[in-house]
Structures are given as structure tokens and as C-alpha cells.
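Asker: These are the residues of each chain, in order.
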Amino acid sequence: GAGVSQSPSNKVTEKGKDVELRCDPISGHTALYWYRQSLGQGLEFLIYFQGNSAPDKSGLPSDRFSAERTGGSVSTLTIQRTQQEDSAVYLCASSLVQGAWDTEAFFGQGTRLTVV
Amino acid sequence: LAKTTQPISMDSYEGQEVNITCSHNNIATNDYITWYQQFPSQGPRFIIQGYKTKVTNEVASLFIPADRKSSTLSLPRVSLSDTAVYYCLVGDFYNQGGKLIFGQGTELSVKP
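Respectively, the protein sequence lines represent chains A and B. Residue numbers for the first sequence follow our numbering, so the first one is 5 and each next one is one higher. Residue numbers for the second sequence follow our numbering, so the first one is 13 and each next one is one higher.
Since the hints were made in silico from the structure, they are not lab data. We put the beta carbon where it would ideally sit given N, CA and C, even for glycine. Wrong hints could be hidden among the right ones.
As a list, the in silico EDC-like pairs of lysine to aspartate or glutamate whose alpha-carbon atoms are at most 20 Å apart [to be verified]:
hint, chain 1, residue 1, chain 2, residue 2
1, A, K61, B, D104
2, B, K111, A, D60
3, B, K64, A, D60
4, B, K66, A, E108
Label-pair ranges, simulated between beta-carbon atoms [as the list claims (entries may be wrong)]:
hint, chain 1, residue 1, chain 2, residue 2, range
5, B, G115, A, S77, 45 to 55 Å
6, A, E72, B, G115, 40 to 50 Å
7, B, S21, A, S9, 28 to 38 Å
8, A, N56, B, E29, 22 to 32 Å
9, A, G7, B, E119, 23 to 33 Å
10, B, D79, A, N14, 39 to 49 Å
11, B, M22, A, S9, 30 to 40 Å
12, A, G32, B, V67, 42 to 52 Å
Go ahead and model the full structure; you've got the sequences and the hints to work with.
Answerer: Next comes the structure, spelled out in C-alpha cells:
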């Protein structure tokens, strides 16, 4: 596709269950980001992948959160033992990092996660 | 990454020019300034990026004074569809690993 694709668009899960959120970045983009946005709040950085470098996991809120990026393309964000405070929109973005001037990040539509 | 400060909200009317100022007093020499726009229920969208002086594209203008400690996003003749949250980001995105850190943004409300 032409843009960043996220699935599912909506996910309702029971407290304590594990969930997996998927992100398909724009083909050829080397950088991939995950963010979380709670209702009415700004974007909270979670994790960043750049090429073959070790991911920057500094934003993950707890060890229940993990993410991987296979083959430098698709990424999966996993939340284990979900809690109600995990309810938010999870946004994925990708960019083709060529240099300081080329840092436009393209965002997907997000996955709205509701933990009940 | 440089800390940014911008107004939490602004109101405007259709047809007016809107200027949103972002303060970034500890901006570093290699840092660039980027603005994103986010409509409700959508991911943010890149608007404009600059290093110094003035940058203009089909959507907005970005004014950066010589000391680079602030920047102003200018939206000419806004319409109702410009109602959105506007984020100012500052950083050496490439050399610092490209991590994009968003603040709270400025919620712009355009009224008829």
C-alpha cells in the first residue's frame, strides 16, 4: 500500500489478556516508531527502530510491553496481561531517514485498544 | 532533545491568519524544527520543517529568528478544516537516532 497500515483498527480485550498490534510501514522506510495516545492527550513515545540498529526502547512503560520488527519491515507491538490503563490509541509511523532534512514521518490511522 | 513550550490552545475565526509560537531555548546547533498537524481520530501529519530564517510551502510558513530560540508556525487564512492539534518538535533527528518526541501540542479551534 501507499501508506502505513495498522491492524486491527479497533481491539477490545479483557483485562489480563495479551494483545498484538501490527504495523506495516511504507516499503523501503528504515525507521519505524510506536506511540501511544490516551484520550485528549499528546503522543507518548514507546519505541523506535532504525535499520539494523538496536531499537530504542526507552519509552516502553513497563516490561509488559514489547515490540519487534521482522526483516526490517513489519512490526508487532505486544502488550501482555493488559490493564485498563493500557486503553489508548496506538500509533505507528515510519520514515526514510536519509539526513536531517528528510525526517518526515508518516503515521498510520492507529489501533484503538479498549481493555474491559 | 530540546524542550519545547507552546500554548495549550488557541481560538481563531475563518479567514484569519494564525501564528503559533514554540519556545525552544536550549536548541542545539544541529537541531532542526519540525511541525506536525493532527486531526481528530487521525495520526499526525508533517507540515513543515526548517533550520533558520523562513520556510514556506503550500500549507504554512515557518519563521525562525536568528537566535533560533523560538519558531512561529503561520497558517494563512484558516478555515474550519484547520481545526487540529499542532505539534512543534526540535531535535537533531538524524544524528540522534531519529527519535521524534511530541509535546502536548497546541489545540487550534477555528470558528465560523
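Asker: Compare the structure with each hint and give your call.
Answerer: Taking the hints in turn, this is what the structure says about them:
1. K61(A) - D104(B): Holds. K61(A) to D104(B) sits at ~19 Å (cutoff 20 Å).
2. K111(B) - D60(A): Status holds; Cα separation ~8 Å.
3. K64(B) - D60(A): 29 Å, violated
4. K66(B) - E108(A): Holds, because 18 Å separates the two Cα atoms, which is no more than 20 Å.
5. G115(B) - S77(A): 45 to 55 Å: 30 Å, violated
6. E72(A) - G115(B): 40 to 50 Å: 28 Å, violated
7. S21(B) - S9(A): 28 to 38 Å: With a Cβ separation near 32 Å, S21(B) and S9(A) satisfy 28 to 38 Å, so the hint holds.
8. N56(A) - E29(B): 22 to 32 Å: 46 Å, violated
9. G7(A) - E119(B): 23 to 33 Å: Given about 25 Å between the Cβ atoms, the range holds.
10. D79(B) - N14(A): 39 to 49 Å: About 46 Å separates the Cβ atoms of D79(B) and N14(A), which means 39 to 49 Å holds.
11. M22(B) - S9(A): 30 to 40 Å: Once the Cβ atoms are compared, 33 Å apart, the range 30 to 40 Å for S9(A) and M22(B) holds.
12. G32(A) - V67(B): 42 to 52 Å: 26 Å, violated
The structure does not agree with the numbered hints 3, 5, 6, 8 and 12 stated previously, though it agrees with the rest.
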